[in-house]
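Trainee: The residues making up each chain are set out below.
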Amino acid sequence: MNDAKKARKATAALLCSSFLLLSACGGGGSQAASGQPYDENSKATISWLNILHTASPPTDTVLNKIEEKTNADIQFSWIPDASKEERINTALASDSLADVVTLTMLDNSSVRNSLKSGLFWEVDPYLDDYPNLAKISEDTRRSASIDGKLYGVPFQKDLARNGVTIRKDWLDKLGLETPKTTEELMEVARAFTEDDPDGNGKNDTTGFVDRSDLIYGAFKTLSSYFGTPNVWEVSEDGKMTPEFMTEPYIQTMDYMKNLYDNGYINQDFAVTAKTDQQQKFAQGRAGIYVGAIFDSKNLLNMAKGIQDDMELVLVNNITSTGNEADRAIWAANNGIGGLLAFPRSEVKDEAELKRVLKFVNDLMDEETYALMTYGIEGTHYKLDDQGAATILDSDLWQQEVQPFAASRPKESGYDIHDSDPLKQESDKLIAENADYAVLNPAYSLESETYNTQGSELQKMITDATYKYILGEIDRSGFDTAVENWKNSGGAAIISEYEAAYKEIQSQ
Amino acid sequence: MAKPVNVSDASLLKLDRQAVRKRPFGIRKHILLYLMILPGFLYFVVFKYFPMGGLVIAFQDYQPYQGILGSPWVGFKHFVRLFTEPTFFMLLRNTLVLFALNIVVFFPLPIILALMLNEVRHRFFKNSIQTIVYIPHFMSWVIIVSISYVFLTVDGGVLNELLASMGLPKISFLTSPEWVRTVYIGQIIWKELGWSTIIYLAAITVVDTQLYEAADMDGASRLRKTWHVTLPAIRPVIITLLILQIGSTLDLGFEHMYLLLNSLNREVAEIFDTYIYTAGLKNGQLSYSTTVGLFKGVVGLVLVILSNRLAKKLGEDGVY
Chain C
1 MNDAKKARKA
11 TAALLCSSFL
21 LLSACGGGGS
31 QAASGQPYDE
41 NSKATISWLN
51 ILHTASPPTD
61 TVLNKIEEKT
71 NADIQFSWIP
81 DASKEERINT
91 ALASDSLADV
101 VTLTMLDNSS
111 VRNSLKSGLF
121 WEVDPYLDDY
131 PNLAKISEDT
141 RRSASIDGKL
151 YGVPFQKDLA
161 RNGVTIRKDW
171 LDKLGLETPK
181 TTEELMEVAR
191 AFTEDDPDGN
201 GKNDTTGFVD
211 RSDLIYGAFK
221 TLSSYFGTPN
231 VWEVSEDGKM
241 TPEFMTEPYI
251 QTMDYMKNLY
261 DNGYINQDFA
271 VTAKTDQQQK
281 FAQGRAGIYV
291 GAIFDSKNLL
301 NMAKGIQDDM
311 ELVLVNNITS
321 TGNEADRAIW
331 AANNGIGGLL
341 AFPRSEVKDE
351 AELKRVLKFV
361 NDLMDEETYA
371 LMTYGIEGTH
381 YKLDDQGAAT
391 ILDSDLWQQE
401 VQPFAASRPK
411 ESGYDIHDSD
421 PLKQESDKLI
431 AENADYAVLN
441 PAYSLESETY
451 NTQGSELQKM
461 ITDATYKYIL
471 GEIDRSGFDT
481 AVENWKNSGG
491 AAIISEYEAA
501 YKEIQSQ
Chain B
1 MAKPVNVSDA
11 SLLKLDRQAV
21 RKRPFGIRKH
31 ILLYLMILPG
41 FLYFVVFKYF
51 PMGGLVIAFQ
61 DYQPYQGILG
71 SPWVGFKHFV
81 RLFTEPTFFM
91 LLRNTLVLFA
101 LNIVVFFPLP
111 IILALMLNEV
121 RHRFFKNSIQ
131 TIVYIPHFMS
141 WVIIVSISYV
151 FLTVDGGVLN
161 ELLASMGLPK
171 ISFLTSPEWV
181 RTVYIGQIIW
191 KELGWSTIIY
201 LAAITVVDTQ
211 LYEAADMDGA
221 SRLRKTWHVT
231 LPAIRPVIIT
241 LLILQIGSTL
251 DLGFEHMYLL
261 LNSLNREVAE
271 IFDTYIYTAG
281 LKNGQLSYST
291 TVGLFKGVVG
301 LVLVILSNRL
311 AKKLGEDGVY
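Chains as they are written, first to last, in full-length UniProt numbering: chain C, 1 to 507; chain B, 1 to 320.
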């Protein structure tokens with residue numbers, strides 16, 4: 001009798017402990033603010049599933065100020081940028097979201113599908129009620145829409161941010177002009193490789209330094225200089241052609257192949273990571289960096305103490321012909337940095353949605369922008385009488401402020417600006433780029449085949465492009481890869497896009 | 001018929017049998033024992049068996065927001081796609097080749113090392129070797145692949161600089177399809193060799209020393225003793241580990257391969273694990289990648305059953 005009692009007690013204890021274990025695993029996910037309706041001006045608790053572009057999340061110093069300004073208690077869940085596909089997809093699949101979700105990959109099929117399925121609030125009808133949100137242009141709203149519906153507040157980024165950064169001190173030393181054509185750029189690359197620009201008597205420099213990224217690395221930007229369309233090209237009569245079936249794409253591959261064969265580019269660029277690439281540039285092992293123009297400031301910072309002579313010149317007007325009229329630069333995602341989306345499972349009703357939208361609106365205020373860009377005045381930056389901000393301690397800024405920068409819903413159009421000449425220059429060039437931006441005509445079009453197999457197919461082309469540049473296949477080998485692409489589903493993508501394009505045109 | 005010496009013993013036995021007959025598992029009688037295994041049992045049910053239910057999405061067009069109940073059933077659509085896509089044979093070939101290399105090249109090495117260490121008489125020397133070779137096991141693949149990158153890259157990599165200084169041409173270890181398998185196996189050997197040796201060393205220590213003495217009396221040399229005494233003594237351990245190894249056939253280590261994979265070596269380096277990751281998690285094709293995973297699991301299961309049968313035929317115990 002006594003034994004049985006004991007046993008029963010033991011069972012209960014064991015069961016309890018195992019349930020505890022289970023519930024501990026189940027919790028931690030979503031704890032939406034409970035059902036009470038939101039008052040527009042009340043203090044809100046907002047959870048935010050956000051993308052982190054820096055090595056570590058920010059400390060609370062600036063966050064507290066932002067919370068004060070937006071009258072909200074913000075709870076971040078950070079996802080490192082490198083694993084965003086995986087993490088966002090699993091979050092969507094398991095419905096463990098937050099009040100605000102940063103979706104940066106609108107071309108990812110599962111993100112698209114979940115947007116279309118109505119998992120998130122449609123915000124278009126509400127935007128005009130808020131002063132900052134109302135200012136989002138019709139163009140931006142349309143580009144960020146899927147099937148004509150806007151499922152979140154679009155991030156407003158600069159249209160085209162890429163260009164070429166060159167070591168000015170090396171150019172001067174070798175008596176070279178800043179290049180205006182791809183041919184001149186090749187000559188600079190040759191001179192940087194062969195003419196000992198750092199004057200140490202050793203053959204230890206290359207022209208370009210690139211990384212294993214055909215898009216945000218050198219390739220895509222160079223391809224714009226040759227006149228390649230941005231991902232897709234659409235003709236007058238509605239025929240769609242992928243970029244890699246155009247002649248300029250082949251010319252770009254030949255150009256890269258030339259760089260590679262002559263040793264004007266780091267020979268391991270196909271396996272180089274971004275940080276290694278920037279390190280190599282900062283260490284003075286190469287003199288040409290193609291990527292986002294604003295990376296130049298970072299490069300100069302990294303070179304402090306290693307290459308103190310480094311001077312940089314930023315170039316955004318290179319063409320293959322030398323004609324101003326041929327200037328072009330691709331626009332990443334047509335200038336849409338993604339969406340701030342609000343899942344229905346977390347933001348339960350309209351009142352709650354309105355409060356969250358108010359929060360996003362407040363994030364776009366000048367003061368909040370300054371907080372997320374430069375930090376706290378006096379602590380992180382000082383302001384001169386022209387409204388130019390100077391960062392006081394760049395280490396502190398990197399730790400406490402920089403992580404917020406990528407979460408700004410809007411990045412330009414504010415009075416406050418950077419006093420750093422290089423940053424000002426890059427801002428100017430990026431603004432200039434907008435006039436020459438090449439958009440992707442298929443960006444907001446739908447293709448079922450692309451949604452399911454698109455990135456598998458893209459891999460075939462990416463692989464073939466690398467192989468062509470490294471000389472493992474020739475033109476006929478590349479053409480075979482393109483044929484393969486067509487036969488494995490590429491042809492279907494083309495016809496689906498053409499149909500979708502036609503439908504939009506006829507509306 | 002032998003009479004029981006003690007009557008009460010016999011009646012106890014009888015009672016016990018009755019209990020067994022009434023309740024096949026004797027739950028009431030052994031309740032405490034059952035309670036002790038309960039947490040482990042629950043662990044397997046909750047974390048290993050319950051999630052297996054999710055495999056049904058291989059037969060659906062699974063959409064997360066519609067759930068398993070709401071998603072449309074599509075039968076064998078994803079299997080057809082898997083078996084008809086040219087990628088399938090590439091994946092299968094790459095996976096099997098790497099698996100074979102694993103068994104042929106890597107598997108015997110720890111045994112050889114264990115036998116060699118066993119022959120070392122200098123205690124301090126033996127212990128330090130043992131410690132030094134198993135330390136790499138605790139490093140993550142990210143570290144190991146990064147170290148190899150520094151050694152092998154063509155742009156200032158240590159090994160390539162060495163080749164160049166000897167007047168030999170540089171080799172692009174990281175981007176050429178011919179080298180990726182060598183690099184892969186080399187890294188596995190470097191990381192896991194010492195760790196796998198431990199089990200064999202443990203098995204060797206329990207070998208009956210009388211056998212060695214007897215062999216000594218017969219005038220056997222060291223090599224003979226190793227061959228005829230040590231090796232047969234650890235044979236069951238070797239067989240068991242081999243079966244376990246085969247069971248994880250297609251688990252070649254996602255993390256490791258994913259880090260080595262690039263556009264230029266994909267044709268030999270893409271394996272099921274990396275494919276599932278890119279197609280499934282990054283691309284959101286949950287149903288299709290479940291199909292690939294299911295196929296991989298089935299192949300692994302079949303291989304385990306076959307090798308276990310084979311082990312039993314050879315007169316060993318097998319793993320079950």
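Just so you know, these hints were derived from the structure itself, not from any lab.
Note that beta-carbon positions come from the ideal geometry of N, C-alpha and C, so glycine has one too.
Don't take every hint at face value.
[As the list claims (entries may be wrong)] DEER-style ranges, computed between Cβ atoms:
1) C:A82 - B:M36: 30 to 36 Å
2) B:I132 - C:E183: 51 to 57 Å
3) B:M139 - C:E122: 45 to 51 Å
4) C:S495 - B:S165: 55 to 61 Å
5) C:K135 - B:S146: 42 to 48 Å
Trainee: Are the hints correct? Go through all of them and say.
Mentor: Verification of the supplied hints:
Separated by about 44 Å at the C-beta atoms, A82 (chain C) and M36 (chain B) break the suggested range of 30 to 36 Å. Taken as a hint, the range 51 to 57 Å holds for the pair I132 (chain B) and E183 (chain C), whose Cβ atoms sit roughly 56 Å apart. Separated by about 49 Å at the C-beta atoms, M139 (chain B) and E122 (chain C) satisfy the suggested range of 45 to 51 Å. Separation of S495 (chain C) from S165 (chain B) is about 56 Å and conforms to the stated range, judged on CB atoms against 55 to 61 Å.
The hinted range of 42 to 48 Å is satisfied by K135 (chain C) and S146 (chain B), whose Cβ atoms lie roughly 46 Å apart.
Checked against the numbered hints above, the structure violates only hint 1.
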